[in-house]
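*Asks:* Chain residues, written in single-letter form:
Number of protein chains: 2
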Amino acid sequence: MRAEIIAVGTELLMGQIVNTNAQYLSRGLADIGVGVYFQTVVGDNAQRIKESLRIAKDRADVIICTGGLGPTQDDLTKDVLAETVCQRLVMHGPSMDKIEHMFQKRGVPMVESNARQALMLEHSEPLANDTGLAVGVALTHEGTHYILLPGPPKEMKPMFDRYAKPWIAAQMGSVQPLYSVMLKFAGIGESQLEHELIDLIEAQSDTTIAPYAKEGEVAIRLTTRAASMLEAQAKLKPLEEEIRSRVGQYIYAAEDIALEEAVLRLLTEQGRTLAVAESCTGGLLSDLLTNVPGSSAAFAGGIICYTNRLKHELLNVPMEQLEGSGAPGAVSEETAKRLAEQILSVTGSDYGVSVTGVAGPGESEGKPVGLVYVGVASRDGETTVKQLQQFGNRETIKLRSAKSALYQLWKRMNS
Amino acid sequence: MRAEIIAVGTELLMGQIVNTNAQYLSRGLADIGVGVYFQTVVGDNAQRIKESLRIAKDRADVIICTGGLGPTQDDLTKDVLAETVCQRLVMHGPSMDKIEHMFQKRGVPMVESNARQALMLEHSEPLANDTGLAVGVALTHEGTHYILLPGPPKEMKPMFDRYAKPWIAAQMGSVQPLYSVMLKFAGIGESQLEHELIDLIEAQSDTTIAPYAKEGEVAIRLTTRAASMLEAQAKLKPLEEEIRSRVGQYIYAAEDIALEEAVLRLLTEQGRTLAVAESCTGGLLSDLLTNVPGSSAAFAGGIICYTNRLKHELLNVPMEQLEGSGAPGAVSEETAKRLAEQILSVTGSDYGVSVTGVAGPGESEGKPVGLVYVGVASRDGETTVKQLQQFGNRETIKLRSAKSALYQLWKRMNS
Chain Z
0 MRAEIIAVGT ELLMGQIVNT NAQYLSRGLA DIGVGVYFQT VVGDNAQRIK ESLRIAKDRA
60 DVIICTGGLG PTQDDLTKDV LAETVCQRLV MHGPSMDKIE HMFQKRGVPM VESNARQALM
120 LEHSEPLAND TGLAVGVALT HEGTHYILLP GPPKEMKPMF DRYAKPWIAA QMGSVQPLYS
180 VMLKFAGIGE SQLEHELIDL IEAQSDTTIA PYAKEGEVAI RLTTRAASML EAQAKLKPLE
240 EEIRSRVGQY IYAAEDIALE EAVLRLLTEQ GRTLAVAESC TGGLLSDLLT NVPGSSAAFA
300 GGIICYTNRL KHELLNVPME QLEGSGAPGA VSEETAKRLA EQILSVTGSD YGVSVTGVAG
360 PGESEGKPVG LVYVGVASRD GETTVKQLQQ FGNRETIKLR SAKSALYQLW KRMNS
Chain A
0 MRAEIIAVGT ELLMGQIVNT NAQYLSRGLA DIGVGVYFQT VVGDNAQRIK ESLRIAKDRA
60 DVIICTGGLG PTQDDLTKDV LAETVCQRLV MHGPSMDKIE HMFQKRGVPM VESNARQALM
120 LEHSEPLAND TGLAVGVALT HEGTHYILLP GPPKEMKPMF DRYAKPWIAA QMGSVQPLYS
180 VMLKFAGIGE SQLEHELIDL IEAQSDTTIA PYAKEGEVAI RLTTRAASML EAQAKLKPLE
240 EEIRSRVGQY IYAAEDIALE EAVLRLLTEQ GRTLAVAESC TGGLLSDLLT NVPGSSAAFA
300 GGIICYTNRL KHELLNVPME QLEGSGAPGA VSEETAKRLA EQILSVTGSD YGVSVTGVAG
360 PGESEGKPVG LVYVGVASRD GETTVKQLQQ FGNRETIKLR SAKSALYQLW KRMNS
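Going down the list, the sequences are from chains Z and A.
Per numbering that gives the first Met the number 0, residue 0 is the first one in the first sequence, and the count goes up by one each step.
Per numbering that gives the first Met the number 0, residue 0 is the first one in the second sequence, and the count goes up by one each step.
Everything labelled a hint here was simulated from the structure, so no lab data went into it.
Just so you know, nobody snuck in bad clues.
Just so you know, same-sequence chains aren't split out, so a pair can sit in one copy or run between any two.
Under the rule of at most 20 Å between Cα atoms (straight-line distance), these lysine to aspartate or glutamate pairs were calculated in the EDC-like manner:
{"hint": "1", "residue 1": "213", "residue 2": "394"}
{"hint": "2", "residue 1": "213", "residue 2": "195"}
{"hint": "3", "residue 1": "213", "residue 2": "129"}
This structure is a prediction, so every number in the text was calculated from the model and none was measured.
Throw the hints in and build the complete structure from the sequences for me.
*Replies:* Here's what the structure looks like:
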């Protein structure tokens, strides 16, 4: 089955945003054995959207459009598809109810154009939007499968994963389904990991090994086609065990969860709590932790001691340790240690984690951009400090530092 | 002049990398007044690259290809273009010398296929590669301009900026460049904003009005063609003033900066400092602020009082206000007020901002998901609390709450 992805949106053509949707969809389609042959981007222009659909119809079995489902005059994708397949647009009742309900709840009058988001094609199937208002569309016409998804990734991803992907898989019929295992790594880089596993990667056959990297985390996905879950497990198990025997110490989960979620689970299982003292990560570490639903069971909170004054006043770091000639400074092993121990004692938590470093763009205290110290203190053990040298821009250094702090804590809890 | 960008590479279709080149080129072309009408991605397959070039020729005056200029068998772009325009491939002497020199310097024998990187079309102009080996190509054939650039961004960007962009501009002759003004809004939704400006949007002619939305922020871009900056200003000014007369109170910047940056600039100008008390945003507000380089000049830090215990112990909120029957609870006007005032006094900052609410997925204290209170306290004024009802998933509610808090502070500083 050949697929084409059409992203609709003038903001993409003007270079205001990057088409990350195309990447997400291409990966997701690969998972179910659908190959993407073309990706197209077209502006919010009815004639050109129509032309793109016509070209795609000649060369693809599945056409997935993203964008252009919103309430404004610029949102044309449904109108154009309706015209292309000669179907009327009709109101999807449950979506309309949801829109009206939302406006009622907000206590503001509904602008008329919002009703457009509840439109679907006469003979199409609606795809529920669990994180937004515009309903999606799935439709087969003259042997071509069409899927319309919203443009914002927060709405597009869940709609695709929960509703569109299974719908496409169902149209595919008898091809054996794909099964996969995701192994997630921290504390090891992508190239190092690939180096350790290169012979396995080069020898892959019908069981594939695909490495993925996101900032601060690396994943490996093992995939195979099989008649059943049991058969798939029998095929994937030996490979997973070989990988574990080589680099098992870096695997923090055998499922696709973030490192912060793994850390929170471990804390919750052990009935322990965590508090953080953040300097150079500036709140990002706490933000990552609190993105996980239920994090309040184990994460107490923390102090963002961005200035030396707050390090001193809220976390009792002596000023003579922070400033003055010969002082270790804010970015130092001593300060990371003190911050971790103090956040523990100030909050009464079981674990205290600190991060202090130079996020850039300029150096600080004469120390280079990317130099970071992570401290881990606990009620029942020694405080440890890890010195790291991160690379990248300000936001990358913040993210890698936050992930490194999580990894240091995870290692401590597993030791 | 209409442009089309064709990115060549199976790794893009498999979702292994994101097509950031398309964004970079689109922006660069907009700078010189060339509109991109389509972006296409095609795999390393001669037949399909040829087909993409044929389609692009019918709808574009400039076709820019990225990728497929390397040494391997998969690198086909030059071969396909040569076939399309019926020209031979010839060796570009200086590029060949450079390749040979590089291998000599490394002291390794040159693999034959590397010579492919020095090929250009018989009647084309070479585009120098200052950061890599593969030479680029610029060519006009039957009225269509073709540009071939390497795929790796570190080679593509300098080649485009230094050589391709001026070459394209030279082909354009007398077309006037584009000028634009970006207006950024907070505190108003995209559909409400469009509603207020719908007559202007519908009446747009050679001066265009384009709304964009990102979480918690909305932007409008006014664009026109003109012979000079002065002439452009004369054309854009009346429109900008009309927009300001209607919705000026929501405009926080007339340039493309984030709300947190606008807030930090205002604080720095006024010589004032900010500290935050975050409950439901869990560190995100601080994270946004500290993503701005130089934020430490105005942002002191804060306390993430995720649990009631920390609200009580670190920020002196009375336990009887937080818990017990009849208590206002953590998510309440009273608690938001207290947190804002306490973070002010605990940190000695000029402004104190608090956020407390229900991020979900479940309700809390019997209060609905999305109910959020934002408090703003200052040394020299009354503490104000704004009640908000946010919608979306956990991360969206966090982000919108953080942006709302920034907006409330921005309003206070401007009042």
